[in-house]
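Participant: Starting from the given sequences, assemble the full structure and let the hints guide the process.
2 protein chains.
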Amino acid sequence: MPASYAYLGPEGTFTEVALRTLPEAATRELIPYVSVQSALDAVRVGEAEAAFVPIENSVEGGITTTLDELVAGAPLMIYREVLLSITFALLVRPGTELSDIKTVSAHPAAQPQVRNWLRNNLPDAHWESAASNADAARLVQEGQYDAAFAGEFAAARYGLRALETGIHDAENAQTRFVLVGRPARPAAPTGADKTSVVLWQRDDHPGGLRDLLGEFATRGINLMLLQSRPTGAGIGNYCFCIDAEGHISDRRVAEALMGLKRICLEVRFLGSYPRAGAGVEDVSAPRLGTSDEEFVAASDWVARCQDGRF
Amino acid sequence: MPASYAYLGPEGTFTEVALRTLPEAATRELIPYVSVQSALDAVRVGEAEAAFVPIENSVEGGITTTLDELVAGAPLMIYREVLLSITFALLVRPGTELSDIKTVSAHPAAQPQVRNWLRNNLPDAHWESAASNADAARLVQEGQYDAAFAGEFAAARYGLRALETGIHDAENAQTRFVLVGRPARPAAPTGADKTSVVLWQRDDHPGGLRDLLGEFATRGINLMLLQSRPTGAGIGNYCFCIDAEGHISDRRVAEALMGLKRICLEVRFLGSYPRAGAGVEDVSAPRLGTSDEEFVAASDWVARCQDGRF
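The listed protein sequences correspond, in order, to chains A and B.
Under full-length UniProt numbering, the residues of the first sequence are numbered 1 to 310, in order.
Under full-length UniProt numbering, the residues of the second sequence are numbered 1 to 310, in order.
Simulated from the structure, these hints should not be mistaken for laboratory data.
Heads up, a few of these hints could be off.
Said to hold, decoys possible - In silico negatives: residues of chain A with every beta carbon more than 12 angstroms from chain B:
#, residue
1, V17
2, V45
3, Q111
4, P112
5, D135
6, L139
7, L225
8, G234
9, E255
To be verified - Listed next, with one range per pair, are the computed distances between beta-carbon atoms:
#, chain 1, residue 1, chain 2, residue 2, range
10, B, L223, A, T27, 55 to 61 angstroms
11, B, L223, A, E266, 46 to 52 angstroms
12, B, L83, A, H205, 31 to 37 angstroms
Note that this is a predicted model, so its numbers are computed, not measured.
Virtual Cβ for every residue (Gly too), placed ideally from N, Cα, C.
Facilitator: Written out as structure tokens, the structure is:
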């Protein structure tokens, strides 16, 4: 297996910064790809060991390109996740002052996060979308635009200066990234884990989604993400991307997944992996009656009843 | 083990008639006891192999004496149930006409089922309660009362005549009886079975009962009886006697019982046994996704996910 990670390029974006927070990234070659699709395809065809891509944005929600890639095609698995706080810097060529700026550029996803700042500080500046924030910075370097919104870390790479930093409209704007590889045995549970699945309902009957969610609720499992995605089979046909608290090796999670497998048309397991940003204080005790020990004790009790030893 | 069945006496009551519908009763000595408690105690101390007692009446509901005996004390198990349609005959001494009847007698439980008939046919007759319908018949034989409400089958035994038969206020008035023994391996499933349990909640939080019922609903299991009984720990403290469709050897039932064992303060298994009155047409297919085959397939799938083979 090649010791390389594909990631959504170009270099110098938030994705690369997030990827470099993973200890295992230090021992891999990191190769930028032009799209989420091409990065994931690199994994599917065996060009890369894993791919690192954004999957959820606290301002915009699920990143549909990534979700749709995980939902369809050859199965992939999430190995790790990274949460990165997103604040922008306004990058300019040395010598440029705020009053000189007539054009600004960034990736379209940046716009909702800098909109208020722009209205208050550069109400007359003209917005030009770029393929990535790093591309916008390069175009500023080349003189095409006056300023770019990008991570402060991009300034040095493109010989620019951060005229302003910490720009973000929403407090706690974060992007969640995932390291995706081919199916493998999930890493052992850490106690603060997350399990991702995609669910297709058997039919769209009243209460169908409630039945799906009941499989988690009955086993005391909290959900951390519920995102519906069209299945492509027409208006009203959705599948559900769900992140649930816990690890597939937890008895309560395994039993909930079995329940879903029984009642759903299809279930795609997307992995069990450590929850990003979870500290010791987040390793919460399972809800009363849902610990592995209680599952084992209950199973023993039923076996005794089946044998008439009670 | 003594080859005898204890039953709620005296002889000549509906209980005895119901007991004699069981093929296994033909090979046992049938011994009447004066109360449900004494019949069940005979089993607990090993005097009798099993006891046959009424447990539910379609007019009056659960028979609390029997439920409370099963809920407390040394564990017992229901082996079989019998449903008997209850219609009364008006038994008199030969020669007595309707117009001669001044006093009528029966067990108090009979009264709600003959009340309308009495109002319409013997509005002035005086009611005298007896310890059992058979006792009432004996007292008519001895000349103490003019007429007794009892099963038609009691007439011959007490030298009486059925002046009227088929008396019942409620259509389809039925009594359910159970054959109760010491804990043993439940009989193999027939496909139309019932499982009885008693549940004690861990605490009385809002939605607590809904959580208990959710353990059944999540596995597609219908309930056939839900009767609350005071626990004796003060007003508002109840346990729940539940009859559920299915057999403890069905995967869906076993998993529901495990779920209850995990979340309840206590669960008492009262047995899995053939459903009385169920014909071939009642052997319904389990709800989609809850057959044993689907449980096994789902379990295999989760095991493959845990191993990274998907």
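Participant: Are the hints correct? Go through all of them and say.
Facilitator: Results for each hint:
| no. | hint | result |
| --- | --- | --- |
| 1 | V17 | holds (29 angstroms) |
| 2 | V45 | holds (19 angstroms) |
| 3 | Q111 | holds (39 angstroms) |
| 4 | P112 | holds (37 angstroms) |
| 5 | D135 | holds (37 angstroms) |
| 6 | L139 | holds (43 angstroms) |
| 7 | L225 | holds (19 angstroms) |
| 8 | G234 | holds (23 angstroms) |
| 9 | E255 | violated (7 angstroms) |
| 10 | B:L223 to A:T27: 55 to 61 angstroms | holds (57 angstroms) |
| 11 | B:L223 to A:E266: 46 to 52 angstroms | violated (30 angstroms) |
| 12 | B:L83 to A:H205: 31 to 37 angstroms | holds (34 angstroms) |
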